[in-house]
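Going down the list, the sequences are from chains A and B.
Each position in the first sequence, counted from 1, maps to that position plus 2 in the working numbering.
Each position in the second sequence, counted from 1, maps to that position plus 11 in the working numbering.
If you are wondering where the hints come from, they were derived from the structure by calculation, not from laboratory data.
One should not assume that every hint holds.
Facing chain A, according to a computed beta carbon distance under 8 Å, are these residues of chain B, among others [unchecked claim]: (1) ILE20; (2) LEU200; (3) LYS207; (4) ALA210; (5) LEU249; (6) LEU253.
From a predicted model like this one, the values you see are computed outputs, not experimental measurements.
The C-beta atom is built at its ideal place from N, Cα and C for all residues, glycine as well.
Listed here are the chains, written in short residue letters.
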Amino acid sequence: MEAEAAKFIGAGLATLGMIGAGIGVGTIFGNFLNGALRNPAAAGGQIGNLFVGAALAEALGILAFVLGILILFG
Amino acid sequence: MREALADPIHQFEIQKIVDLPDVTVPGLGVIDLAFTNSTLAMTVAAGAIVALMAAVTARPAVVPGRLQSVGELLFGLVDGLVDSIIGHEGRRYFAFVFTLFLFILAMNFLGLFLVFTATSQLAVTVTLAVMTILLVLGVGFARNGLGFFKLFVPSGVPWVILILVVPIEIISFLLRPVTLALRLFGNMLGGHVALKVFAGFIVSLGALAAGGGLGLFGIPGAVLALGGVVALTALEFLVAFLQAFVFTVLTCIYLNDVVNLGHGH
Chain A
3 MEAEAAKFIG
13 AGLATLGMIG
23 AGIGVGTIFG
33 NFLNGALRNP
43 AAAGGQIGNL
53 FVGAALAEAL
63 GILAFVLGIL
73 ILFG
Chain B
12 MREALADPIH
22 QFEIQKIVDL
32 PDVTVPGLGV
42 IDLAFTNSTL
52 AMTVAAGAIV
62 ALMAAVTARP
72 AVVPGRLQSV
82 GELLFGLVDG
92 LVDSIIGHEG
102 RRYFAFVFTL
112 FLFILAMNFL
122 GLFLVFTATS
132 QLAVTVTLAV
142 MTILLVLGVG
152 FARNGLGFFK
162 LFVPSGVPWV
172 ILILVVPIEI
182 ISFLLRPVTL
192 ALRLFGNMLG
202 GHVALKVFAG
212 FIVSLGALAA
222 GGGLGLFGIP
232 GAVLALGGVV
242 ALTALEFLVA
252 FLQAFVFTVL
262 TCIYLNDVVN
272 LGHGH
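Chain B with its partners taken away, still in its complex shape (with noise of 0.2 Å):
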């Protein structure tokens, strides 16, 4: 039961492919270089967007053809979705928003095809998480100075409720990012998990019919797993884009509250 139960991990441990000499920094210690597999499926899914992208703007035509009609679809959906949301303003935040949202759609779906997947790494939804929060700060003073604070006082509050909403709009906008990870992180992290443990079904219950005996009524049971793996596949593919999709709005909306700070858009 034990090995059963901590198996689903195994796909999520870092494995150095090329070991590389440790670095030392001053001031942050020493860094390991190493080229793990969690690099190797986040520069696959880097190539992926280039080539496609690449190919996609190869040969542009008025009337789009098959490919450059996927590229046009995505990149029309961030834009309306930066527009929708930020409003004129957002044009300028555009091709953050874009890398990001390809990002991570990338790395979500070449963690169906490929063993690994690079969003199932903390370390890695964390940086993409504290780097869209690094943004929105310096975006937030460069726009407003010390206007940004007003960002927790919200406008036409009476000041005795002001002393319960303030606390709790600092401690909101503190636990953006920390949400901001681990929604990615736990959906991708719980979705192979789950995918794992499904498809160890089909194999212990195939173990069990083998005996014979009593042990042919997990015959069903097994062929019900497959299904069930085949549905959760299914679903991974929704959450994988949904996830993608969910991260970049919360990005914009994250952007519109310091660049539209005060006049609610």
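So here's chain A without its partners, still in its complex pose (with noise of 0.2 Å):
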């Protein structure tokens, strides 16, 4: 196999940790939105702790991202 196709593949792989990332951030919003349909009242304060806890968990999808970009053209 060629060194430049490897890159390809290597790349690719290294993309599937955002699926990680992906059940990290659904698992987040879905169980924000299963807690704010229950107390509808508590939810609006609870916007800022979503966001950063859907952040943190979308970083390490970032990771991967960053490393494909980085096997593809570093």
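The task is to assemble the complex, starting from two chains supplied on their own in separate frames and drawing on the hints.
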């Protein structure tokens, strides 16, 4: 196999890490809606926490994405 | 195929607009002072903020007009954030947090209107993140002295578990500037690459359709891709605001850790 081909495969594999970020962000927003529908009065105050949690989960997926970009163009 | 892959990255290349002579700084080596498109984007962003804020505060009225309420909305958003996360002491750090928020927001939005996004440069986001973490360290040591290290030792935890928890806390603290910089960089880079890739689909499918015959099936695909670009642009506006907001919230949380150290706020 050519080294160039291996690079593309590696970059593709690296982005698989975003699956975990997708699951994480989905869980956070799903659970937020779950809680918000049970107690809508308390939902407004938790928007900040919601986005921070989503950002923290997303950051790990972004790490995988950056790694993929690095492999492809680095 | 190689060209199609390499093209979306072209928009992130640094180009020199005005080439200034290199300067040798002792201890740092040679520094290229050239005025690049990244510098231009940041200058325009900073200028836009100053112009907006000057316009907002030019004729202050008790009942805000349309323009003034924009400024009050932005001010109130960050003020409420700082107050609810850091508390009373937060007022002291408001200027830094507000500046950071406006600067990142302006750079993100200008990236969607102009050709260049300054926040898609790792150098820019790393600078912002390092600045934030240095402020957190400075405030932490100035307020708590060596008590700053209590940050890594959660109270009320048995010592057996502390052996496990303290290294984790230290590693997570060290990772803060890394994730802070990479999150903003990755989101901006990824969003703009996706926009360019979808825009490329329109052109290549349109070219396919222009060939006639079976290629005419490319037309619905091109229309779909155009819809995708419109939807992605709308999403990018949300992301541009959200990433500036998240950077600000995390800055507040990190500051709160050291400002209210020990008395869990």
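We went through each hint and held it up to the structure:
{"no.": "1", "hint": "ILE20", "in the structure": "holds, 6 Å"}
{"no.": "2", "hint": "LEU200", "in the structure": "holds, 7 Å"}
{"no.": "3", "hint": "LYS207", "in the structure": "violated, 13 Å"}
{"no.": "4", "hint": "ALA210", "in the structure": "violated, 19 Å"}
{"no.": "5", "hint": "LEU249", "in the structure": "violated, 11 Å"}
{"no.": "6", "hint": "LEU253", "in the structure": "holds, 7 Å"}
Of the hints listed earlier, those the structure fails to meet are numbers 3, 4, 5, in rising order.
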